[in-house]
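Asks: Read off the chains here:
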Amino acid sequence: MSDRTLHIPLQQRLWNPEARLAYLLLTPAVVVLGVFMFYPIFYVFLMAFSKANRISQITGFAGLANFRDLFGHRQFWVITVRSLMWTALAVAAKTLLGMLIAVVLNVTFPGRKAARMLFIVPWASAVPISSILWRWVYHPNYGLLNYTLTALRITSSPPIWLGDPVAGFAACIWVDIWIGIPFMALVFLAGMQAISEDLYESAYLDGVNWWQKFTYITLPGIRHILLIATLLSCLWTFNDFNVIYILTRGGPAETTDILITSIYKTGFEYRLFSQASGMAVVTFIILSVLSVIYAQVYFRQEKS
Amino acid sequence: MKWKNRGKVLAVVLAVALLAVLLFPFFAMVSTMLKSAKEVYTSPPYWIPKHPLLSNLWSVWREYELAVYFRSSVIIALGAMALNTLITVPAAYAVARLRFAGRKAVLYLFLVIEMFSPVIVVIALFKIVAGLGLLDTYVSLIIANAVFTIAFTIWMMNGYFKSIPIEIEEAALIDGCTRAQTITRIMIPIAVPGLVTAMIYSFIYAWNEFLFGLTFIQSKPRMPLVIGLYQFVGRWTTQWELLNAAAFWALIPVLVLFYLIERRLVAGLAGGAVKA
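In order, the protein sequence lines correspond to chains A and B.
Numbering of the first sequence is given in the numbering used here, commencing with residue 1 and proceeding in unit increments.
Numbering of the second sequence is given in the numbering used here, commencing with residue 305 and proceeding in unit increments.
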């Protein structure tokens, strides 16, 4: 197709009956995205370079002052580093646990179909509702988690999960991991099932052990899937607002905030709209880089 | 053969252990919603209710006015789904079937914005919604939810339209169908499974959405379900036995719908790497 289009003059390529129909059909999508997505992004950039009052009206040009202010705050760097740590740790855990579940589900055992369905539940459930359920599970006096941990003698003095910086971060990141595991498991499982049985059979004849089969056949067989699923998971994890906001609201004292929750609180709770916009711009840039990498990998796979 | 059986036993043991951990909050939900308030507020707590009762499941409809929130969520999710479909189908057809300059760029753009966080734009979007006089309306959430799903649904529908052999459409065009007729009479009926997946996806997205609901809606009758439930947490009088019962009801529709689209959803997200 590209060969043919190259010889047609540009004007004709842009303006012919087929192209006109395409523009017409794309108009609703473009208009809606323009008004409710691109314009807001533009506006956030504008606000990041402006002074704004407490009801988010722009009152003057600020140049780079907001960013100088932001980068001069120690708390901004703490939260940025925490966001990256949050993403790295959670994605690593989701990948490992998802892989383990995929390996388990790839074995034929009675009840495997039912097990597969049950493993999906954390993903199928609504994130805000799951977060509320976890908040109850973590309850220091009446929550069943600490009771169970004590009853199973895993620990005798369980932490007050949501009231402590370290335990709070662990509690939040676990819920985020918990939500993300099923997607990883399903994608890895789909990849594993696409690997030809012949490979495993010849490996069996060669007498290799299960670990060698896993590292020499399974892992290379799902490497493309591994890449795209990890990228997608990075985007979701970095973007996770609901879990932290509902479990701890970033507390105690901002010790569980990541960029995404901090933007919201800086804007709608502290009413510092220029600062919030500055953080949103930084976040936008990080997300764009990740999204472009994801899109590149996705496109490459569509072609192959 | 012996090691194979050992592998199976190990798989079953691991599956049960992992499921016990992963389903923990749902076990807790069921345990709590079957307890009376007195049993719930006993420290230390216990798993099996001593006098299990179903009354929480019914009284939550009265005491939380659950029906009000359900109604809001249904209106918002159906509205977002309808708007999403109206925008998605023509756009997806255009990128899947028509030749025009910039087709690749448009597709690429949709893929990149698919994962953008609503939090980045929520401040500006709040101003736009307020400016249009749409604060505290269903319309604000219908639009916001539709906007944040169309990039993904266009991609999904693009894939389904592309998988339909072009000869079918060409034959119809030769037989005198107009473009519009080929879309409504041929493409859409064949792509129904994909279309249903995209529609259910946008319904679930709106049903589960939290951030926009939290920001745009202030008055109780228009609150979607998840915001309604959130409002009950953190108050010093939180009645957890009722809240868990409400969560149970709120989860049923999304769980059912999710299982209908799960396989296609995974394929849509992972691209050519996974087949539906």
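Because the hints were derived from the structure by calculation, they are not lab data.
C-beta atoms are modelled at their ideal positions from N, C-alpha and C, and glycine is treated no differently.
Please note that a few of the clues may not be correct.
As the list claims (entries may be wrong) - With the C-beta cut set under 8 Å, the calculated list includes, among others, these residues of chain B facing chain A:
id : residue
1  : T336
2  : P349
3  : V426
4  : G575
Asks: All hints, please: hold or fail.
Replies: Taking the hints in turn, this is what the structure says about them:
1. Of the supplied interface hints, the one on T336(B) holds, with its beta-carbon coming within about 7 Å of a beta-carbon of chain A, less than 8 Å.
2. Nearest Cβ of chain A to the Cβ of P349(B): about 5 Å, under the 8 Å cut. The hint holds.
3. Here the hint on V426(B) is kept, as its CB sits about 7 Å from the closest CB of chain A, short of 8 Å.
4. A hinted interface residue such as G575(B) counts as satisfied when its beta carbon comes closer than 8 Å to some beta carbon of chain A; here the least separation is about 4 Å, so the hint holds.
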